[in-house]
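J.: Sequences listed follow chains A and B, in order. Numbering-wise, my numbering puts 205 at position 205 of the first sequence, and it's gapless, one number per residue. Numbering-wise, my numbering puts 6 at position 6 of the second sequence, and it's gapless, one number per residue.
In short, the hints are calculated from the structure, not lab data. Since the structure is predicted, the reported quantities are computational estimates derived from the model, not experimental observations. Just to be clear, a hint being listed does not mean it is correct.
Pairs of lysine-lysine, DSS-like flavour, derived with a Cα cap of 30 Å [unchecked claim]:
#1 A:Lys-163 <-> A:Lys-122
#2 A:Lys-50 <-> A:Lys-165
#3 A:Lys-122 <-> B:Lys-213
#4 B:Lys-236 <-> A:Lys-122
#5 A:Lys-163 <-> A:Lys-50
#6 A:Lys-122 <-> A:Lys-165
To give a feel for the contact side, a few chain B residues facing chain A, derived at Cβ under 7 Å [what the hints assert, rightly or not]:
#7 Asn-215
#8 Ala-217
#9 Gly-219
#10 Arg-220
#11 Ala-223
#12 Arg-292
#13 Tyr-298
#14 Ala-299
#15 Gly-302
#16 Asn-303
#17 Ala-306
#18 Arg-309
Ideal Cβ positions, reconstructed from N, Cα and C, are used throughout, including at glycine.
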Amino acid sequence: MTTSPTLELRGIDKSFGPVHVLSSVDFTANAGEVTALVGDNGAGKTTLVKCIGGIHGVDAGELIFDGSPHVVHTPRDAALLGVEIVHQDLALCDNLDIVGNMFLGREQITRLGTVDENSMEKLAEQTLASLSVRTVRSVRQVVASLSGGQRQTVAIAKSVLWKSKVVILDEPTAALGVAQTEQVLDLVRQLAGQGVAVILVSHNMNDVMQVSDSIGVLFLGRMAAQVRREDVTQRQVVELITAGRSGDLGLSPEESSEVAV
Amino acid sequence: MSAQADEVVAQEEPAGRERVEGLAALGVYLRGYLARVRGGELGSIPALVGLVVITVVFAVVHSGFLSAYNIEALVIQAAPIIVMAMGLIFVLLLGEIDLSAGTTGGLCAAIMAVLMLRSGLSWWLALVIGLIAGVLIGLGMGWLRARFGIPSFVITLATFLAFQGITLILIGGQGSVNLPDNSPLIQLENGFVPIWLGWTLLAVVVAGYAAVKVNDAVGRRRAGLSRVPFTVIAAKVVVLALLGAAFTYEMGINRNLSTNAFFSNKAQGIPWVVVLLVILYVVWNFVLSRTRYGRHVYAVGGNEEASRRAGIIVSRIRISVFVVCSGMAAVSGMVAASLLQSVQSNAGAGNTLLLAVGAAVIGGTSLFGGHGRVIDAVLGGLVVAVIINGMSDLIQGANSAGYEWVVTGAVLLLAAGFDAVVRRGRAA
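Only chain A is shown next, with the shape it has when bound in the complex:
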């Protein structure tokens, strides 16, 4: 790729008091690609995501969006840069319909000052159609009546609607069955196909190997390696996750054992 990546992290450090959670983490996410972020529990995935989303500030390092460095202090800063996090709990209002949820906090208003239901409904339908979503019967259904996969779909479609440049999906398939997982993974590909830089945080190796273009592996707060999906086998990724290194990939033996102590 000739253009610079949509999101690039350089040397991110983050501590909570004496606990060093992230140390000099580098990470890139390209537009139109799915970049997986994997790692064992406590490796720092969530912290890294929160740093990107502006929920935590970073202690050191640079966040570079579209080639220019930015300081992200609050979630609002991140949202202005086009970063959208789809949290595991999805943050949907059960009592509102799909349209209401997709436009929550950003409702369109008619000239009379009322909520412009018609144009919002049309935009919601168009967005779902652009993602080839066929599992949702009507955008006027309340979210309470939707399945887990459909809810995930709504949450992801919301980020498309708001033209996000970076969409971070936190364990999108964790609570889903086989068929629904397939649907959501298809949707993840569709999302990347629209030119979005998708960051997929996941524990599920099958999902990661199936949809991602690039894989970043965190090991105890360090970026063990960021590799192209086609260059590695599932076994190598698992080794990177559990030991921080695999053959000549990953941290040096000294580094991995040093951090592990």
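Let chain A serve as the given structure and place chain B on it in line with the hints.
T.: Just chain B now, with coordinates in the frame of chain A:
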């Protein structure tokens, strides 16, 4: 890779989103409606069924129940309950409670009465000050809730007691303050709209309703969206017109038994308070269903965290619902004062609040937040008034009040239990 998943998708959604017109559209609409009902979105059905059933029962048992005299009594009894319930719905939508709405209303009415009688303020100025007092009370309680996170149950239990005390102090030892006979406020519950004006207002309401519904449908069709079939709109307009006409006609009957050749003061026409109820209903229904603010009230009631992440200032919404509730409680207190033509030292105490909460819940508003509409207050308030009115005719004798309370309590329990069961159905 996705062949299998695609099959599942195809099974889940066989038909596309093609638009249909005419009879087919009606079928689609009705099927969609039935599906929503089966899915637990019962709307006003339980309250409507309950209202019809108990009305029929009381009408059969007691022949005078549907007389013009009794219908008027029903409406003016229901009015303060309905007004208070309209305000409570805002608080209930956030899953909060305002136990002090009754005594807030009593206190505001007492402030008004005392200003009017002892300080000699004109009635409208006293009324406005009373309403402002209600708004300030709501502001204070909402602020305490939002700023310090004290549960609303505790805050409003405290104010429930305190306001009762302040009312007692204000009214003093006399036990009650009588409003002056010539006060226009008394006309609200005891005066009647001239018959010609009643019919005109009915025509305005029906025409306005029809215009709004048709405008919505036309707008949706222009936007290329599925819309409510015109047959359904026409049916709704006709039902509204028929009910309104029946009510206006019955209220046109003279209810003053002492009218004769010498005394020509007739009691006929719709009570003025009905006009107030219609205005309040239209305003609050508009706010809840058509404004961004209303959408945010529902959102915060549905998922506070999601609302916060969406950029909604949750504390502001929380304070605002207490303001609406206390303000409406003040209006309710004045309506009650108009009904009694006086303010008692125990105004708004006792079961005033519980009847209003009962009305909201019977109407279909959830105590757990997120579900409720302004129409719930109207239907539920009518149910409560019918029960009270019917029981007082049915059970005479020394313990009649006791039986009344038992039945009202049982109905409230039934409604709250229904709410909990439906909610479990929704969650599953």
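J.: If a hint holds in the structure, say so; if it doesn't, say that too.
T.: Structure-based check of each hint:
Note on Lys-163 (chain A) and Lys-122 (chain A): the hinted pairing holds, with a Cα-Cα distance of about 16 Å set against a maximum of 30 Å. For the hint pairing Lys-50 (chain A) with Lys-165 (chain A), the CA-to-CA distance comes to about 16 Å; that is within 30 Å, so the pair holds. With a C-alpha separation of about 19 Å, the suggested pairing of Lys-122 (chain A) with Lys-213 (chain B) holds against the 30 Å cut-off. Of the pairs offered as hints, the one joining Lys-236 (chain B) and Lys-122 (chain A) holds, with about 26 Å between alpha carbons and a cut-off of 30 Å not exceeded.
Simply put, Lys-163 (chain A) and Lys-50 (chain A) have alpha-carbon atoms about 20 Å apart, close enough for the 30 Å limit, and the pair holds. A C-alpha spacing of about 22 Å is found between Lys-122 (chain A) and Lys-165 (chain A), which places the hinted pair at or below 30 Å, so the restraint holds. Hint status for Asn-215 (chain B) relative to chain A: violated, with the closest Cβ pair at about 11 Å, above 7 Å. A distance limit of 7 Å between C-beta atoms decides the matter here; for Ala-217 (chain B) the minimum to chain A is near 11 Å, and the interface restraint is violated.
Checking Gly-219 (chain B) against chain A by beta carbon gives a least distance of about 6 Å; that is within 7 Å, so the hint holds. The closest approach between the C-beta of Arg-220 (chain B) and any C-beta of chain A is roughly 6 Å, which is under the 7 Å cut-off, so the hint is satisfied. This hint holds: Ala-223 (chain B) has a C-beta 4 Å from the nearest C-beta of chain A, less than the 7 Å allowed. Interface hint status for Arg-292 (chain B): upheld, as the beta-carbon distance to the closest one in chain A is roughly 5 Å, under 7 Å.
Taking 7 Å as the C-beta contact cut-off toward chain A, the hint placing Tyr-298 (chain B) at the interface holds, the least distance being around 6 Å. Taken as an interface hint, Ala-299 (chain B) checks out: its beta carbon lies about 5 Å from the nearest beta carbon of chain A, inside 7 Å. Against a cut-off of 7 Å between C-beta atoms, the interface hint on Gly-302 (chain B) holds, since the closest Cβ of chain A lies about 3 Å away. A cut of 7 Å between beta carbons decides the hint on Asn-303 (chain B): the least distance to chain A is about 4 Å, and the hint holds.
Nearest Cβ of chain A to the Cβ of Ala-306 (chain B): about 4 Å, under the 7 Å cut. The hint holds. Contact between Arg-309 (chain B) and chain A, as hinted, is supported at the beta carbon level, the nearest pair being about 5 Å apart and thus within 7 Å.
This entry does not satisfy hints 7, 8, going by the numbered hints stated previously.
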